[in-house]
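Novice: Sequence:
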Amino acid sequence: MILGGGQERGLRGSTHNVAGAVGLGKAIELCEKNMPSEAIFQSSLRDRLTDGILKNIPGARSNGHSTNRLPNIASFSFEGVEGESLLTSLDMIGIAASMGSACTSGAMEPSHVLRAIGLSDELAYGSLRISIGRWTKEEDIDHLLAELPKIVKRLREA
Numbered sequence: 080m081i082l083g084g085g086q087e088r089g090l091r092g093s094t095h096n097v098a099g100a101v102g103l104g105k106a107i108e109l110c111e112k113n114m115p116s117e118a119i120f121q122s123s124l125r126d127r128l129t130d131g132i133l134k135n136i137p138g139a140r141s142n143g144h145s146t147n148r149l150p151n152i153a154s155f156s157f158e159g160v161e162g163e164s165l166l167t168s169l170d171m172i173g174i175a176a177s178m179g180s181a182c183t184s185g186a187m188e189p190s191h192v193l194r195a196i197g198l199s200d201e202l203a204y205g206s207l208r209i210s211i212g213r214w215t216k217e218e219d220i221d222h223l224l225a226e227l228p229k230i231v232k233r234l235r236e237a
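Counting from 1 along the sequence shown, just add 79 to a position and that's the residue number in our numbering.
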């Protein structure tokens, strides 16, 4: 990957990244302390988001298992909505989202995962993936819940 010495079996020139290894170890140590409480908090935000979307947007569906899932990811599909237009509309009001996982970004085909759980191509193309992070606040969820129904309604009418 990097030209140079062969001491890393030809994969990487240079010496071992000791500072990076120490930094990674410290990051893992810090994460271990906070992970249980972070998972609970992020799950509560995800569930609040999911409940709000399903109650306030007709034709919305949650993708994936209802309980056996990551605490910080929510995925939805919206009937009659094109995902790219939805993402653009959200981006214009400062909300970052995606249509699927990073491994499908840039692909012209709908997500194979969404297809595998039984979604039609139309629903897969109208999907939205929201990631909740450590610094996501309840106000961020409120903002999305206030704006998303209006955006979906406008796109369906277009």
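If you're looking for bench data, these hints aren't it; they were derived computationally from the structure. All values reported here derive from a predicted model rather than from experimental measurement. Incorrect hints may appear among the rest.
[What the hints assert, rightly or not] In silico EDC-like cross-links for lysine to aspartate or glutamate, where the CA-CA straight-line distance does not exceed 16 Å:
| hint | residue 1 | residue 2 |
| --- | --- | --- |
| 1 | Lys-134 | Glu-158 |
| 2 | Lys-216 | Asp-126 |
| 3 | Lys-232 | Glu-158 |
| 4 | Lys-134 | Glu-236 |
| 5 | Lys-134 | Glu-188 |
| 6 | Lys-216 | Glu-108 |
| 7 | Lys-229 | Glu-161 |
| 8 | Lys-232 | Glu-161 |
| 9 | Lys-229 | Glu-117 |
| 10 | Lys-229 | Glu-188 |
Novice: With reference to the structure, classify each hint as holding or not holding.
Specialist: Hints, verified against the model:
1. Lys-134 to Glu-158: holds (15 Å)
2. Lys-216 to Asp-126: holds (13 Å)
3. Lys-232 to Glu-158: Holds: Lys-232 and Glu-158 sit about 11 Å apart, inside 16 Å.
4. Lys-134 to Glu-236: Violated, because 20 Å separates the two Cα atoms, which is more than 16 Å.
5. Lys-134 to Glu-188: Cα-Cα ~29 Å, so violated.
6. Lys-216 to Glu-108: violated (24 Å)
7. Lys-229 to Glu-161: Measuring from Cα to Cα gives roughly 15 Å; hence the hint holds.
8. Lys-232 to Glu-161: Given that 16 Å is the threshold and the Cα spacing comes to 12 Å, the pair holds.
9. Lys-229 to Glu-117: Not satisfied, since the Cα-Cα distance of roughly 30 Å exceeds 16 Å.
10. Lys-229 to Glu-188: violated (27 Å)
Violation of the numbered hints given earlier is confined to hints 4, 5, 6, 9 and 10; the remaining hints are satisfied by the structure.
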